[in-house]
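Chemist: Each chain, letter by letter, is given below.
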Amino acid sequence: AQSVTQLGSHVSVSEGALVLLRCNYSSSVPPYLFWYVQYPNQGLQLLLKYTTGATLVKGINGFEAEFKKSETSFHLTKPSAHMSDAAEYFCAVSDQGGTSYGKLTFGQGTILTVHP
Amino acid sequence: SQTIHQWPATLVQPVGSPLSLECTVEGTSNPNLYWYRQAAGRGLQLLFYSVGIGQISSEVPQNLSASRPQDRQFILSSKKLLLSDSGFYLCAWSVQAGLETQYFGPGTRLLVL
Numbered sequence: 001a002q003s004v005t006q007l008g009s010h011v012s013v014s015e016g017a018l019v020l021l022r023c024n025y026s027s028s029v030p031p032y033l034f035w036y037v038q039y040p041n042q043g044l045q046l047l048l049k050y051t052t053g054a055t056l057v058k059g060i061n062g063f064e065a066e067f068k069k070s071e072t073s074f075h076l077t078k079p080s081a082h083m084s085d086a087a088e089y090f091c092a093v094s095d096q097g098g099t100s101y102g103k104l105t106f107g108q109g110t111i112l113t114v115h116p
Numbered sequence: 117s118q119t120i121h122q123w124p125a126t127l128v129q130p131v132g133s134p135l136s137l138e139c140t141v142e143g144t145s146n147p148n149l150y151w152y153r154q155a156a157g158r159g160l161q162l163l164f165y166s167v168g169i170g171q172i173s174s175e176v177p178q179n180l181s182a183s184r185p186q187d188r189q190f191i192l193s194s195k196k197l198l199l200s201d202s203g204f205y206l207c208a209w210s211v212q213a214g215l216e217t218q219y220f221g222p223g224t225r226l227l228v229l
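As given, the protein sequences belong to chains A and B, one line each in that order.
Position 97 of the first sequence, counted from 1, bears residue number 97 in my numbering, the numbering being contiguous throughout.
Position 80 of the second sequence, counted from 1, bears residue number 196 in my numbering, the numbering being contiguous throughout.
In short, the hints are calculated from the structure, not lab data.
Being a predicted model, the structure only gives us computed values, none of them experimental.
The calculated label-pair distances, taken between Cβ atoms and stated as ranges, are: (1) Ala125/B - His82/A: 24 to 34 Å; (2) Ala17/A - Asn146/B: 43 to 53 Å; (3) Ser26/A - Gln178/B: 22 to 32 Å; (4) Glu64/A - Gly132/B: 44 to 54 Å; (5) Thr126/B - Met83/A: 24 to 34 Å; (6) Glu66/A - Gln129/B: 42 to 52 Å; (7) Leu56/A - Gln178/B: 37 to 47 Å; (8) Leu227/B - Ser9/A: 15 to 25 Å.
Note that CB positions come from ideal geometry on N, CA and C, so glycine has one too.
Build out the structure end to end from the sequences listed, making use of the hints.
Modeler: If you want it as C-alpha cells, here you go:
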C-alpha cells in the first residue's frame, strides 16, 4: 500500500524567503509523484509532476521539486516566496500498477502562510 | 480545452435528508472520474472512481453512493445524510490511460446540520 507523509501541517515564511515543503512517500513500485495547490474554497490545481526522466521537475509559479529515490522524498521548493503563494499544498503518489486506474494517495496537506 | 463543472457550489442540508451532487466534464471522452471528500485537517479521501458508464468502484464503506449515467457525468448521492457527511467534495477526471494527471473541479461545500 502506498502512503504519503507531509512533514509540517503549517509552514510560515516571510515574503522573499525560501519555501520548502516536505513530502515523503512509500510505494512498492516506482511511483508517479504530484504536487497540487489549493486556494481557499477552490479545487486543486496541479503544480508539477514526476513520472520518469529528470529528477528535478519544474512547475508553474516558480515551484520545483526533486525526486530522490534513496530518500523516498519529493520536496517542493521555491527560491522566493510571494504573498500569492499562500495556500494549502498537497503531495500525492500514484502507483504504476496496471489496476491502479490512476488512483492518487494524498498527503494530509501543508498550509503555507506568507508574511509581508 | 477540457473543463469540469460541479454543482451546487455550496449546500446546507438537515440530517436525514437526501443528497445529490453532480459533476460533468467537457472536452474529453471516456475519462476516468473520481469523487473525493476533504474534511478539515484530514487531507483528501478517495470515495469512488469510475472507468466507464455504469462502472463504479467504492474505496471506503460509507453512507454515500455514486453513479455514472453518461460518459461525462458523475453523481454522488445519499438517501439519508449524517452529520459526518459534512465536508468539501471534489470531483476529478483523468485520461483513460490511468496514469495521467487528475484535474479537479471547483468543489461543493456540504454542511449537514
